[in-house]
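J.: Please model the complete structure; the sequences and the hints are all you need to start from.
If you're matching them up, the sequences are chains P, F and Y in order.
Sequential numbering of the first sequence, starting at 3, is according to the numbering used here.
Sequential numbering of the second sequence, starting at 13, is according to the numbering used here.
Sequential numbering of the third sequence, starting at 87, is according to the numbering used here.
Since the hints were derived computationally from the structure, they do not count as laboratory data.
Any given hint could turn out to be false.
Beta-carbon label-pair distances, calculated as ranges [as the list claims (entries may be wrong)]:
#1 Lys47(P) x Glu196(F): 22 to 30 Å
#2 Phe500(Y) x Arg39(F): 53 to 61 Å
#3 Ala80(P) x Lys275(F): 31 to 39 Å
#4 Lys47(P) x Arg128(F): 53 to 61 Å
#5 Asp152(F) x Phe500(Y): 25 to 33 Å
#6 Asp60(F) x Arg88(Y): 39 to 47 Å
#7 Gly265(Y) x Ala80(P): 29 to 37 Å
#8 Arg88(Y) x Gln99(F): 26 to 34 Å
#9 Ala527(Y) x Lys63(F): 45 to 53 Å
All of these numbers come straight from a predicted model, not from anything done at the bench.
Note that CB positions come from ideal geometry on N, CA and C, so glycine has one too.
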Amino acid sequence: MTTYYTKDHEWIRVDGDTGTVGITAYAAGQLGDVVYVELPETGAKFARGDDFAVVESVKAASDVYAPVSGAVLEVNSALTEAPEKVSEAAESEAWFVRVKLADTGELTELMDEAAYAAFCKGL
Amino acid sequence: MAMNTQGRPTAAPRTSAAAIETVSGSRGLLQREDLLFEIGTPETTGVDLPKPKGLKNRLGGVARKVDTGLPGLSEPQAVRHYMRLSQRNYAIDLGFFPLGSCTMKHNPRLNEKMARLPGFADIHPLQPQATVQGALQLIDELATWLKTLTGMPSVAMSPKAGAHGELCGMLAIRQALIARGEGETRKRVLVPASAHGTNPATAVQCGFIVDEIKANARGRVDMAELREKLQHTDDVAGIMLTNPNTCGLFETDIKEIADLIHKAGGYFYCDGANFNAIVGRVRPGDLGVDAMHINLHKTFSTPHGGGGPGSGPTVFSEALAPYAPVPFVTKDEDGLFRLVEHVDGDAKDSFGRMVAFHGQMGMFVRALTYMLSHGADGLKQVAEDAVLNANYVQARLKHVMTPAFEGYCMHEALFSDAFTADGIETIDIAKALIDEGYHPMTMYFPLVVHGAMLIEPTETESKAELDRFCDSLESIARRAAQGDETLKGAPYLAPAKRLDETRAARKPVLKWTRPAPESVAAE
Amino acid sequence: MRYLPLTPQDRASMLATIGAKSADDFYADVPKTARLKAKIAGLPDHQGELAVERHMTKLAARNRAASAGPFFVGAGAYKHHVPATVDMIIQRSEFLTTYTPYQPEIAQGTLQTLFEFQTQVAALTAMDVANASMYDGSTACAEAAVMAARVTKRSKIILSGGLHPHYAAATRLLCEAQGLTVVQLPVAIDGEGELEKSVDGETACVVGQSPNVFGTVTDLSGVAKSAHEKGALLVSVFTEAVSLGLVTPPGEMGADIAAGEGQSIGNGLNFGGPYVGLFACREKLMRQMPGRLCGETVDADDQRGFVLTLSTREQHIRRDKATSNICTNSGLCALAFTAHMTLLGGRGLKQLAQLNHEAACELADALGGLKGVDLLTPRFFNEFAIRTPVDAEAVLAMLEEAGVVGGVRASRLFPNDHLGDVILVAATECTTADDIAAYAAALKEII
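T.: Structural data, given as C-alpha cells:
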C-alpha cells in the first residue's frame with residue numbers, strides 16, 4: 003500500500019485499484035475544531051478534483067476534493083457521530099471514503115509523503 | 013477613656029470581586045434569570061381573556077390533539093424576565109458599535125413615536141385602498157426621496173431586507189436577460205473576493221455562476237483582471253460591486269467598470285450597504301449603476317432590533333425599471349394612489365412578486381421620519397461626518413495598528429493583523445475591547461485582508477467618544493504587539509465569558525427539553 | 087442638527103489631526119463629473135420634531151385604522167389584541183438598538199429570548215426544531231420549497247389550490263430562479279387533499295396550507311403519507327399563528343417542514359410589514375435549515391449560555407454554497423412574538439384560539455343565515471369565504487359606506503379565477519357582538 007497526497011491536503015492510501023481517502027493532519031490542524039462532516043452516498047461517482055465532502059468547523063466549511071476519479075464503495079459513518087475524530091486521527095481512523103479508482107494512471111500526478119512534507123514546509 | 017466597640021466599619025475591605033459567590037446567582041445589579049420554561053408553568057397566563065362560551069366547534073375534527081404544554085408568566089414575572097435579560101445586552105443606546113459595514117448609528121426616538129400612530133400601525137395591507145391613501149402616499153414619498161438621493165428613475169419598495177433587495181436586483185437582471193432571449197446563455201456574474209457573503213449567495217439563488225475577481229494592491233477591483241474576464245462577452249450577465257467597497261474605499265474606476273460591463277452586454281448591480289459614505293454627495297445613478305439595494309436599517313437609521321427587521325428597497329435604472337417586481341404604488345390622474353399588484357398592464361414585464369403584501373411599512377415610516385428630520389442638507393452632512401469620523405480613527409490608530417491600504421478611507425477604516433505578535437489574533441483584540449466597554453469591530457471581513465478589523469464609527473459618534481475608543485484600542489494594540497497573553501482570556505468583565513461554539517455546533521441543542529426525571533435506580 | 091454631535095470646532099480639530107483640508111479631500115476618488123457640488127435639489131431641508139410630526143400625522147390621519155369600527159379583513163394578516171407589556175418590552179434600548187448577536191458575551195439577552203422563541207415555535211408547530219425566524223410567512227414558504235429540493239435532490243414543487251396566492255408567487259419566483267419546476271394545482275376552497283393524487287417520484291415536496299386562504303382547515307396526514315411513500319416531503323403552511331392553539335398543527339400531520347406567519351402573535355398589522363416568518367422542521371433536516379439558529383452551550387466559567395450556531399451554512403461563511411442568502415432574521419418581531427406567547431402561555435393561547443373560533447362561528451351563522459349568502463368554507467378556524475348574489479366589489483364598497491370593513495374580495499387575490507362574487511371574511515377575539523350585528527344588518531340591506 004502506498005499513500006499519495008494532493009496540494010489541497012487530501013490523502014489516498016491505495017491498494018491495487020481501491021483507495022481510502024481522507025484529509026491530512028496538517029489540514030485538520032488548520033481547520034480548528036471540526037464539528038460536522040458531510041459525506042457522499044455509496045455508489046456516488048466523482049471525477050478528480052470534484053468536491054465530494056464538506057468538513058465544517060465552527061468558523062468555516064471547507065470542501066474536500068477527490069484526489070482521483072472513481073466511485074464510492076464505503077463511507078465512514080462513524081464520523082457523523084464523532085466528527086472530532088478528524089481533529090484527533092485525520093490520517094488513520096478518520097478516513098472519509100473508500101473508493102474504486104477509475105484510472106490508476108492519475109496517481110502519478112499526486113505527491114508522495116516526502117514531497118507533501120516539503121510542500122507543507124513551504125506554505 | 014470609654015471605648016465604643018460597636019458601630020460598623022467604614023473602610024472598604026480588600027476582597028477581589030471575582031472571589032465573591034452569591035446564593036442567588038445574581039451579582040449586584042446584574043440579575044440571574046433562568047429560562048422561561050424553568051420559571052413558568054403551563055397553568056399560568058399573564059393575559060386576562062373572557063371565558064369561551066363553549067359553542068360547538070366547526071373544525072370538522074381537524075383539532076389539535078396534544079397541547080403545547082408551553083408555560084406562561086404573570087405580567088410582573090414577564091416584565092422581570094425581559095428586564096433582566098435586557099441587562100445582558102450591549103446596545104447602541106449604551107455605547108459605540110464600531111462595526112464596519114453595519115452603520116450602527118443612533119436610532120431616533122421620533123421614528124418610534126411616528127411608527128406607532130394608529131393610522132400607520134393599525135392598518136391592514138388588504139383593506140380597501142380608498143381607506144389607506146395616507147399609507148400609499150407615504151410609500152410614494154419615501155420612494156421619491158430614494159430615487160432623488162440615488163439619481164435613479166425607479167424603485168422597488170417590497171424587499172424585506174438588504175439581502176432580499178439584492179435578490180430583487182439580481183432577479184431583475186435575470187428577467188432583462190430572459191427578455192432579450194439571453195437567459196440561458198448569460199450566466200456569469202463577476203463578484204470581487206472582498207464582497208459580502210450575501211452577494212455570491214444571492215447570485216447562485218438566481219441561477220447564476222459566480223466568477224471571482226481579485227483586488228489590486230490598492231484594494232480596488234483589479235482592472236487588468238476585469239478586462240481579461242470580459243474578453244468573452246457573450247456569457248456575462250453582470251457584475252456585483254459594493255461602492256464604497258468593503259475595504260472602505262471608493263472604486264476609482266467605477267465609471268469605466270460600468271462602461272465595460274455594459275459594452276459586454278451585462279448589468280451593473282451595486283450593493284448599497286455603504287451608502288452612508290456618499291449619501292447626498294454622490295448619486296449611484298451618475299456612476300452607471302443599474303440596480304442598487306438600500307439598507308434602511310443602515311443609512312436611514314431604522315433600528316437593528318437584535319437582528320432585524322430590516323428593509324431593502326431597490327432602485328433601478330431605465331434599463332431595468334420595466335422588470336421591477338409587483339406590487340408598487342402608482343398615482344392616478346385623479347390624484348388617488350393605487351397599488352399595482354398583478355403582472356399585467358402597467359407591470360406586464362415585471363419578474364413577479366417577491367413577498368406577501370407590500371413591504372416593511374413600519375420601517376418606511378421610520379425612514380421617512382428620519383429623512384424629513386435631516387433634510388437634503390442634513391443628509392449631506394451625515395455622509396461628511398461619517399467619513400470624517402472614520403478618517404480620524406484611522407489617523408489616531410495608524411501608528412500602532414496596520415492600515416490595510418494607504419491613503420484616506422471613506423466611512424470605515426480597515427486594518428490587518430500584521431502588527432500583532434505571534435499567537436495573538438484579531439479575535440483576542442476584539443474580545444479585549446469588550447472589557448473596555450465597547451462592542452468589537454467587524455472581524456475577519458473582508459476576506460481579502462488577513463485578520464481584518466473593520467471599523468465604521470458613523471456620524472452619530474462625538475469626538476469625545478471616538479477619542480475614548482481610540483485610547484482603549486491603542487492600548488490593546490500595544491499589548492497585542494507585545495504578545496500579551498492575558499488578551500487570550502478576554503473578556504473578563506462581560507456578563508458571560510467566551511462561549512464554547514464548538515460544542516454548540518457539534519451537539520446542537522436548539523430548544524429546551526424537560527430534563528429526564530431523577531433516576532429511579534436508587535430505589 | 088440634533089442627531090449630529092460634531093461641532094465646527096471638532097471638525098476643524100479632527101481635520102488637523104488627519105492632515106486634510108476639508109471633507110472634500112476624502113472624496114478625491116470620486117470621478118469629478120459624479121461629485122455633487124451642492125445639496126441635492128428637490129428635497130426639503132432639515133426640520134425639527136414639531137414640523138416632522140405634523141407632516142407624518144397628516145399622512146396617518148388619511149388612513150382608517152382597524153380599531154375604528156367593525157373590521158373583518160384577514161387573508162394572511164390578522165387584527166388581534168397585543169398586551170401593553172409587549173410594546174414596552176420591545177422598546178427597551180437593549181433590545182431595540184442592539185445588533186445581531188454575533189458577540190455572544192454581550193448579547194445573552196437577545197440570545198436567550200431567541201432560544202425561548204425557537205422552543206415555543208417548535209412546540210406550537212409540534213415539530214422537532216425551529217429557527218430564529220425568517221422575514222415573513224411567504225418567504226419562509228419559498229425557502230421551505232427550495233430546502234425540500236435540496237434535501238430530496240429532486241426538482242418538482244407542487245402547490246395546493248388553497249395556498250395564499252402571495253405565498254405561491256414568492257415560492258414560484260424563488261424556485262424557478264433556481265431551475266426548479268413549480269406545479270400550481272387549480273384554485274380550490276377545499277383542495278388540499280388533491281395533493282395526495284398529484285405527488286409522484288419526481289416531486290421534491292407538496293405544499294399545503296391549513297387553515298388555507300379560504301379559511302378551510304384540513305388534516306394533511308393523508309397527504310403526508312402519500313408524499314412519503316413517493317420519497318417526497320410535505321411542507322405545511324399557515325398564515326394565522328393563533329390557529330395553532332386549536333387546529334391540528336403541522337407536526338401532528340406528519341409534515342417535514344412547517345412554514346408560516348407569526349404576525350398574529352405580538353405584532354400589529356402595520357400595513358403588511360414588518361412581520362415574522364416561522365420555520366420548523368424534523369430533526370434530521372436540521373442542518374439544511376435556512377436562516378439563523380440559536381443553540382445552547384457553556385462559557386469558560388461553565389455557565390450555561392447561548393450562541394448563534396451552525397452558521398457555516400449561512401451566507402457569510404459558505405458564500406456561493408450557502409443554504410440561502412439570508413442575513414437578517416426578524417429579530418424584534420420575534421421578540422414581540424415570544425413576549426406575547428410568554429404572557430399567554432399554552433393555556434392562554436388555547437383560550438384565545440377558542441374565542442377566535444367562536445367569534446367566527448357566530449359570524450358565520452349571522453351571515454350565512456342571510457338569504458342569498460352562501461358559506462363556502464366547510465371547516466374553518468377564524469376565517470371563511472362567502473358568496474354574495476351581488477358583485478363583491480360593490481358589496482364591500484356599500485358595506486364601507488355603512489362603516490363596516492367587510493373583508494377582502496377574492497378577486498383581488500385571484501383576478502383570473504371567476505371569484506368576483508366571493509369575499510374572504512375573518513373574525514378574531516377583537517370582534518364584538520355589535521360588530522357582527524352591524525355586518526349582518528348592513529349586508530342584509532345591500533342584498
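J.: State for each hint whether it applies.
T.: Now for the hints, and whether the structure bears them out:
1. Lys47(P) x Glu196(F): 22 to 30 Å: Holds: the Cβ-Cβ distance is about 27 Å, inside 22 to 30 Å.
2. Phe500(Y) x Arg39(F): 53 to 61 Å: 59 Å, holds
3. Ala80(P) x Lys275(F): 31 to 39 Å: Once the Cβ atoms are compared, 55 Å apart, the range 31 to 39 Å for Lys275(F) and Ala80(P) is violated.
4. Lys47(P) x Arg128(F): 53 to 61 Å: For Arg128(F) against Lys47(P), whose Cβ atoms are near 60 Å apart, the range 53 to 61 Å holds.
5. Asp152(F) x Phe500(Y): 25 to 33 Å: Because 27 Å falls inside the window, the suggested range holds.
6. Asp60(F) x Arg88(Y): 39 to 47 Å: Distance hint for Asp60(F), Arg88(Y) holds at roughly 41 Å.
7. Gly265(Y) x Ala80(P): 29 to 37 Å: For Ala80(P) against Gly265(Y), whose Cβ atoms are near 35 Å apart, the range 29 to 37 Å holds.
8. Arg88(Y) x Gln99(F): 26 to 34 Å: 28 Å, holds
9. Ala527(Y) x Lys63(F): 45 to 53 Å: 27 Å, violated
Going down the numbered hints, you'll see the structure goes against 3 and 9, while the others check out.
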